[in-house]
Amino acid sequence: MIKKIVLLVLVLFPLWTIAQNSLDQAQVSGSFQIDAQYYSIDEGIGITADDINGKSMGINGYGNLLYTLGNFSAGMRYEACLTPLSGFDTRMEGFGIANLWAKYDNGIIGVTVGDFYEQFGSGLVFRTYEEWSLGFDNAIRGMRVVYRPAKGITLKGLYGSQRLYWEEFDKSRGIVRGMDGEWDLNASISSLNQSKLRITLGGSVVSKYQVDNSSLYILPNNVLAYAARVNMGLGRVNFSTEYAYKYNDPSAFNNYIYKAGQGLLSSLSYSKKGFGIVLQAERIDNMSFKSSRTAKSNDLDINFIPPLCRTHTYNLPAMYSFSSQPNGQMSVQLQVNYTIPKKTLLGGKYGTKVAFNYSQVNDIVRDSIFLPGTNSISGTLGYSSKFLAISDRIFYRDFNFEIDKKINKDWKMVLTYVNLYYDIATMEGHGNMNPIKANVGIVDLTYKITSKKSLRMEVQGLWDNGDYSHIEASEQSNYIKNGNWASAMLEYTIAPRWFFSVADKYNYGNPIKEFRDHYYNVSLGFIHDATRIAITAGRQSEGVVCVGGVCRQVPASSGMLLTITTNF
Amino acid sequence: MKKISIALLALAALMLNSCDKITGPFIQDNGGTSNEGTGKIVLLEEYTGVRCPNCPSAAAEAHRLKENHGNKLVVMAIHPSGVLMCRPYGETDDYRTDAGREWYDFFGIPSLPKGMINRQSISEDGEWDGMVSAALAEEQTIEIELTPSYNATNREMNVAVKSTFLSALEGDYFLTVCLTEDSLVSRQANDNPTMLSIEEYDHSHVLRAVLNTTWGEQIALGTAAANAISNKTYNYTLPDSYRADKCHVIAFVYRDSDKVVMQAQSKSVL
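As given, the protein sequences belong to chains A and B, one line each in that order. Numbers 5 to 572, taken from this note's numbering, label the letters of the first sequence in order. Numbers -18 to 251, taken from this note's numbering, label the letters of the second sequence in order.
Bound conformation, chain B alone (with noise of 0.2 Å):
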């Protein structure tokens, strides 16, 4: 029974031990900002509303994920219309998009605030990061070059998109061209019982429009050989509230058959 005993404790002992306590810093080194834009980039679709409380947290998130993987990761907030979170304050909050309630629809979001990391599944906030370093691990198996180009005096952008498979792939492929704006400073709903509303809110990578229809284009039909390559130009004209120099084309390549996207990319139109 002694011998019991002393076993016991030992255990114990050892227990106590079984803990890693960490210092600092908290935050692994992944590039960030100085990544470039080459290889595997992932898509992280952020559902998101105004008066959503709990949203202000999943966007620190997104943004703290953004941070670290810099150009690896492409952002997108999106506030569906129809959708009563979605429902602004007042004239220069309408965030929402008919695109955006398309795809909150077709998904099937459940609430507000929710996730999709290439399309692959709808998550929580708390869940992205571990996705996303597993889809950071997946073969590359499309590259997207993005080239914006923009005339200030009529607020035209054009965007030249090429799209190389580099590998043979089966199925059908799309191309989905997007807008998004950063640093629009308006209220938002915030579940901190101290400040249930941030009036200065600075709302980032907020999906303005869609330049070639909700779904994309196809540009690839049934198979596509490797090295084979599409090239699509888009034209625009920036409504007069947009920011240019906030601005940022996005493109993604995703599968027909489970909408999954097999590549992203994104770059400023300034």
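The following block holds chain A by itself, in its conformation from the complex (with noise of 0.2 Å):
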């Protein structure tokens, strides 16, 4: 870590003593959050002095430091979890700077050293992001050089290794290498300025780089993925797709198959004032992509498989979120959005928004050469897919429907309805379990009592149609959230500065009768300018976190959470 400091100093210094006179150009920003996290025994919900194990505290935090002067930047992030959170990696444990980097851009050419974010279009060959929600984070520590020769034309170059928590590098892990190329034609070419028809054309190269280590399997220490992009829009209409190639990468995480891998992802959309629709689809076969051959889960990602679906917000339809299959999936989505204009029956004085959407994800069809049950036979290509074969196996369908009103100047409603099919065995690893079928209604009522204080009342219903006729003794605790729920919330708000509210979720048509338990809590929050804090004390029920289609599942825990926020 002093290393790292020193190298930061080393970075920083020169720069500061020739630039003295920029000085007061110069801008530092940042942030800081903390969450800490009371975990205390509640039998009631399942939780005992085994769970916490003498963990009584879990404390994840973060500060990101900006600091820029004119074309020059330098950042770092600092981390300290101790001991992490529940429901976190355990492999977060530690503290030190975790990403520590320094960029110059003059507009034409830019060059990052260090630690650094990227993404080449929509992401299927390349991304590396963090999310603090997640406990997630692949930055790429390395070098990255962006050049735009021309107007409308932008290429990248990066190489580096991904972070994986705190361990260290070293030469079995694989390193990242990457182009990226954009071309803008409307921007480019100057009788197109004024064209409708603006056409963006892209395309990528990844390759990363593993020595074969293997005794058993002839592994390829180069793995190359490519993808072509073109994004259309012709006034109102706008089309975009991409198409991911990955030669063979076998992997712990497609069971050493041979197989090349591919992605599609289309997108058509059209709108104009107060009317939206998009439709979405995409294919993904085998494109898992990992700068390390043995990484399983979410770690060492080098791509990212866009979920095609609604994030939810609400507690009980965001129970069951999407997690995307980078081994298979075939996805659909539609959304439409309209505003029904005001004046009218519908929609009233000040106008009704609605929304639909509809989003289904199956399972590709796969032709097993080998054994029929096992999924593929590693050392092997594994299987054959017809590219628009969609199997019948269902991952997840949501059907859901929005009506947001201003009734009156005081009062404003929100109301949804959501029709849930989410394939549990698949997404949450539980195999004999039958999926979730489930209608979820939601009622959200917010009532303006002055123009500083308002009242905001949301009360869910989720009623689970699954078949729970057949529940074998030991696999009971895999049903802890399955069946019926009702929540309330209730929240309180003195703007800009106060917040209370209270709420409760009851898993009250639970097929195991001891699982029938209320998860309820309090929370007080305080805001002063670009500081929030927030406590919460009660129950958390055990679910999944998912952003991006990227999940963590979290347990269920009782007790109190401190989360701290600022950025200046």
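Think of the hints as simulated: they come from the structure by calculation, not from any bench. Model, not experiment: these values are computed from the prediction. Zero decoy hints are in this set.
If you want a taste of the chain B side facing chain A, the calculated C-beta under 7 Å gives, among others: (1) A(-7); (2) S(-1); (3) D1; (4) I3; (5) F7; (6) S38; (7) R45; (8) L46; (9) D110; (10) G111; (11) S114.
Don't be surprised by glycine CBs; every beta carbon is placed ideally from N, CA and C.
With the hints as a guide, bring the two chains together.
Here it is as structure tokens:
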């Protein structure tokens, strides 16, 4: 860590001395967050002293610092997770400078050294990012060059190794090298500057290198993936598509099969004032791309599989969030937004917003060459799959409809209906469980008491139609969140500083009687300028937290959570 | 600027070439079952359960490694007692052992499936290949010879175990002798969405019994001189349900201080 600090000083100091006259133009900004949870024994929801195992506190914290002076910028992120909050990967435990970088960019050429995040196209062959709520960070440590040789043309090149929690880089981990080019034809070609047809073309090449240390398989030291994309717009219509291909990449994630991977993502949209429609489709086949062959879960992901489904924010439908399946999925999504105009029968005085969303994700069809029942046999091509064939197996389906209506100057209402199909066996790895089939109804009412005070009430019901007639005693623990739920929340806000809330989730229809528990909590929050402090006391139910199709499982817990965030 | 563009394009062209396309064969030829049971022999303990959906793919990996390394690798599939995922579906598929549970608890196995190569660390099946090759490359310090005999009339098995220290070693060393059985066909949970349960699954390398207690018998105390020999014999009566032609005797010697297995050996009962 001391070496890193010395490096930072060495990078910053000469620049500081040279540019003393400009120092008044320098800017320093940053953000901090601390999440601290105290865990208590709560046998009512099955939290025993053994579960807590002496770790009565979990604290996750980070601080970001950014220094900018003209074309130069540098930054760092310090993290301390001692011990990590329950539900986060235990490998997060530790503290130190997780991210350190410096960048110079004059608009034509930009160079970054250190840790950085980057995305090519939609991410099908390359995306590095950080998501605090998941404990996810696959930053590249290395170098990046961005070059803009002419108007509308951007070329990027990078190489480095990815972050895996606090593990030191060693030669057994892969090295990632990538290039991306994007050409905005309308910006480049003067005759197209004013054209109604807008076209952007792009292409990416990513290669990973990891030495073949296997005594069993004959492994590729270098694995290449490439992608081509186009984005076209004509008036209000927009179409974009990206196709990705990955050469043989046997790994623990795909059970060491040598089949090539493919991905296709397409989107067609139309929008005008008060109306928007988007149709998207995606096919993913064997597209897990990691910088280590032995990595599992979300470790060392080089690419990103965009999920085509709505991200629910209300807590009951969010319990069953979709998790992307890099080994294979076929997805489709249709989203329609419409605002019923003001002063019409349905629009009323303020207009009414309605939103419709349908998404479905199925498995791909695999013609296994080998044993029935096994996914694939390692050390072979694995399976064949017709490009457009869709399996009968549904991973996820979500049909939802939302009405957002301002009733009068004091009342606002959001009504939501959600119909969910959730293949819990695939999404959460509970092999013998039947899919969740649920209807969810949500009423969200806001009453403006005065110009500064408001009261918000949220009432939700989830009716689970799953088949629970045969649950084996040894598998009961997998059913901790199944069955019907009711949820209510009351939130009182005194703008701009205070908010209070009280909430309860009740799993009244759980097929296992012992799991019919209340998960109640109270929260108090205070906001001052850019600082927010919130305290929540009570119970948290078991579930999943998903961001962009990447999920982590959260166990049930009881206790008190303090969150402090600030930025400057 | 033009030069930079050309340089970047040249780099892209080079990267397009940075791909090793393997057209087959995909598996190395390590001699397979023709390997003689001499030299360094590695133990792979596979912690598994009949209700564990992710276990078949781990077992397939263990099987693939066994096929590839032949007698240089000894595989033992452990179904620890008292673990929910190991609970049998019926009366004939109870593969649980209390010894397995003691090891499971002692080493702190967090979930199934997991493995241990020479009891050095807990690992995922995707890591086994590299760990087995690393363990095989280590120096052989002990040699084990197994001589089993079996009386089909009274189902009694006798096994003579000769352990030879090839070089002088410090520390306490223990010998553990086990019995495994192959081709036990019964139901197994699976993670394939199209087949969540395999009714006629072939369970192989299943640990059935430990012949000389969970942690074995001491064969060296404090030091062992080069060429020191330990001779032990054990008797065991096979229960009626065990098929002698599918059983193997497994022996391994481990260092007591860190429980690391120095050498393993396996021989079929018949």
